[in-house]
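For the record, the sequence lines run as chains R and S.
Number 190 in my numbering belongs to position 172 of the first sequence; there are no gaps in the numbering.
Number 224 in my numbering belongs to position 221 of the second sequence; there are no gaps in the numbering.
Treat the hints as calculated values from the structure; they're not laboratory data.
This one's a predicted model, so the numbers in the text were calculated from it and none came from an experiment.
Each residue gets a CB set at the ideal place from its N, CA and C atoms; glycine is no exception.
Please note that the accuracy of each hint is not assured.
Label-pair restraints from in silico Cβ distances [stated by the list, open to error]:
1) R:A207 with S:G129: 39 to 45 Å
2) S:S45 with R:P141: 38 to 44 Å
3) S:L122 with R:P141: 35 to 41 Å
4) S:V130 with R:G84: 57 to 63 Å
Residues from chain R that face chain S, not an exhaustive set, calculated with beta carbons under 8 Å [claimed, not checked]:
5) P74
6) R89
7) R97
8) I106
9) L110
10) P111
11) A122
12) G135
13) D136
14) A138
15) M179
16) F229
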Amino acid sequence: MAEPVLALEGLRKQFGGLVVTDQVTLSVAPGELHAVIGPNGAGKTTLINQISGVLPSDSGRILFAGHDITRLPPHERARRGLARTFQITSVLPAFSALENVAVAVQAHAGSSYRFVGDAAAEPALNGPALAALEEVGLAERADVPAGHLSHGEKRALELAMALVTEPKLLLLDEPMAGTGREETARLIAVLRRLKGRFAMMLVEHDMTAVFALADHISVLIYGRILLSGKPDEVREDPQVVAAYLGDEIEFER
Amino acid sequence: MTQAVGPVEAAPRTRRSRAAVALPLVLFAALALLPLVTAALSAGYMLDLFVRVMIFAIAALSVDLLIGYAALVTFGQAAFVGLGAYAVGMLGAHEITDLTIALPVALLASGLFALVTGLVCLRTKGVYFIMITLAFGQMAFFTASSLAPYGGDDGLTVHERSTLFGVAVLDRPVVFYYVVLAALLAVYLTCRTLIASRFGRVLRGAKDNALRMTTLGFQVYRFQLVAYVIAGMIAGLAGVLLANATEFVSPAYMSWQRSGELIIMVLLGGLGTLHGAVLGAIAFLLLEEWLATLTEHWKMIFGPLLVLVVVFVRGGLIGIGTALAGAVSRRLRRG
Ligand SMILES: Nc1ncnc2c1ncn2[C@@H]1O[C@H](COP(=O)(O)OP(=O)(O)OP(=O)(O)O)[C@@H](O)[C@H]1O
Ligand SMILES: [Mg+2]
């Protein structure tokens with residue numbers, strides 16, 4: 019079996035007396051779409067924050083492409099090919115959609131200590147940025163300030179920003195949350211097209227999306243992995259059905 | 004993914020409004036023509052006043068670079084102005100007056116001070132950043148006050164203006180005026196270029212959403228440190244000119260009040276526009292001068308007036324201008 023892109027070993031995070039993630043061990047294979055599901059407050063966002071380095075872990079290890087990145091700062095992890103989106107959309111509101119993506123291209127191109135030249139007029143940055151906007155269906159909105167985009171468009175924009183960094187692994191924290199039915203369908207289509215190009219870890223409440231996309235599903239409950247397996251195994255597991263999928267209705271927004 | 008897709012000449016530049024292009028042109032043209040007016044009116048004191056205005060405009064530009072484009076609210080920028088001034092004063096005390104030495108020393112000193120203090124300040128955020136830049140500023144102030152061999156509290160006189168290759172170029176008021184104007188223009192253009200560059204874009208991005216920039220792979224801290232050093236050196240340059248203008252160097256140049264005045268100038272003119280900093284410096288110093296001729300209690304008017312403008316006019320004087328221009332053009336269109 020190929021070396022996993024991401025391997026978590028006994029990861030743990032505690033806020034004061036509250037243990038939010040504990041003994042989280044899982045791995046993501048290259049090109050795999052690994053979904054993480056679990057009820058509200060299960061610790062999914064915390065886990066994403068730990069992997070991306072926004073939160074330090076209390077114990078355990080994070081191996082990324084074979085290297086221990088547990089103690090690396092977030093920008094260093096990003097440079098190594100770990101991209102993420104945020105549950106609460108996080109874009110640069112004052113920048114145009116194109117500039118949001120162009121700055122991500124710039125991050126990936128790795129030469130930002132340039133003090134002259136109009137960055138906004140650089141074809142080397144705008145070209146790939148526009149291509150990524152096209153890929154997520156935002157090309158027409160390139161000039162609109164990101165702060166003025168609709169919620170769903172911001173979601174797509176975040177995706178485009180992640181794309182141009184050519185990640186090895188993309189962490190997606192509820193990309194469908196708060197988007198309409200139509201936009202959800204569009205995002206599913208986009209993600210399906212991207213599948214295989216790089217590995218993804220998808221945190222999502224929308225079970226339609228999860229079962230349409232995932233190669234592998236891990237169920238997180240009270241910060242621990244309850245079960246990890248192929249979609250069919252997870253769907254039929256009585257524990258999962260009882261603990262989680264039983265009230266699926268609640269999660270279909 | 005790196006292939007360029009089709010023609011990309013559609014690259015939409017962040018287009019600046021017509022006012023944003025016209026205003027700096029008007030400002031600099033007016034400053035360039037001013038000596039003709041003062042000569043005609045034989046109002047030499049005006050020339051001196053505007054030299055001071057332009058020097059503070061340079062320092063205010065460094066503040067706008069940090070506050071307006073990097074969200075780094077610095078309350079210690081006067082320290083760098085003082086460092087530049089002291090470089091001239093202290094070297095002068097040892098009979099070294101040439102700019103070929105004084106200028107590099109001043110820029111190096113202020114840049115180094117920015118680097119060392121920035122390493123500490125930039126680890127903090129928000130109010131802590133304000134307080135710690137203030138603390139470093141006061142540290143510089145007290146250090147200067149205790150420099151007994153260089154006048155201590157009383158400051159020291161600059162007996163001879165800086166020379167260039169041994170020539171006393173700054174002695175003629177008009178020449179000095181144009182040297183300061185050239186410095187202001189150079190600093191303004193440098194800041195403009197910087198902000199539009201890749202580097203500047205990272206700064207602006209971090210101002211907008213630092214976490215997003217970090218998770219894109221930018222070590223925001225390092226970019227801010229570089230900006231802090233550049234701003235420190237710009238303020239140092241202002242200090243070199245200030246020492247020459249006043250022919251005197253004093254710890255008061257470094258006081259927190261001066262740092263505060265620089266912030267007010269930027270807010271008064273309009274934050275994050277650059278020419279707002281220049282306009283703010285002009286308005287601040289002219290208002291101060293004018294009110295002082297009206298009454299000896301001018302500070303009682305000046306303070307509240309500044310507060311009113313800063314609090315009630317979003318975007319400072321430039322904000323007022325834009326609003327007025329908008330209203331007028333709407334009127335005209337309606338016929
Ligand atoms: N910074 C923090 N300090 C203290 N407690 C926190 C912090 N962040 C999260 N928590 C707590 O940790 C638990 C897990 O939160 P987390 O956001 O990881 O859940 P989640 O699985 O992403 O939930 P949701 O599905 O609602 O997004 C919650 O009880 C939350 O209140
Ligand atoms: Mg969450």
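Taking the hints in turn, this is what the structure says about them:
no. : hint                           : verdict
1   : R:A207 with S:G129: 39 to 45 Å : holds, 42 Å
2   : S:S45 with R:P141: 38 to 44 Å  : violated, 56 Å
3   : S:L122 with R:P141: 35 to 41 Å : holds, 37 Å
4   : S:V130 with R:G84: 57 to 63 Å  : violated, 43 Å
5   : P74                            : violated, 14 Å
6   : R89                            : violated, 15 Å
7   : R97                            : holds, 4 Å
8   : I106                           : violated, 11 Å
9   : L110                           : holds, 4 Å
10  : P111                           : holds, 6 Å
11  : A122                           : holds, 5 Å
12  : G135                           : holds, 6 Å
13  : D136                           : holds, 5 Å
14  : A138                           : holds, 5 Å
15  : M179                           : holds, 7 Å
16  : F229                           : violated, 28 Å
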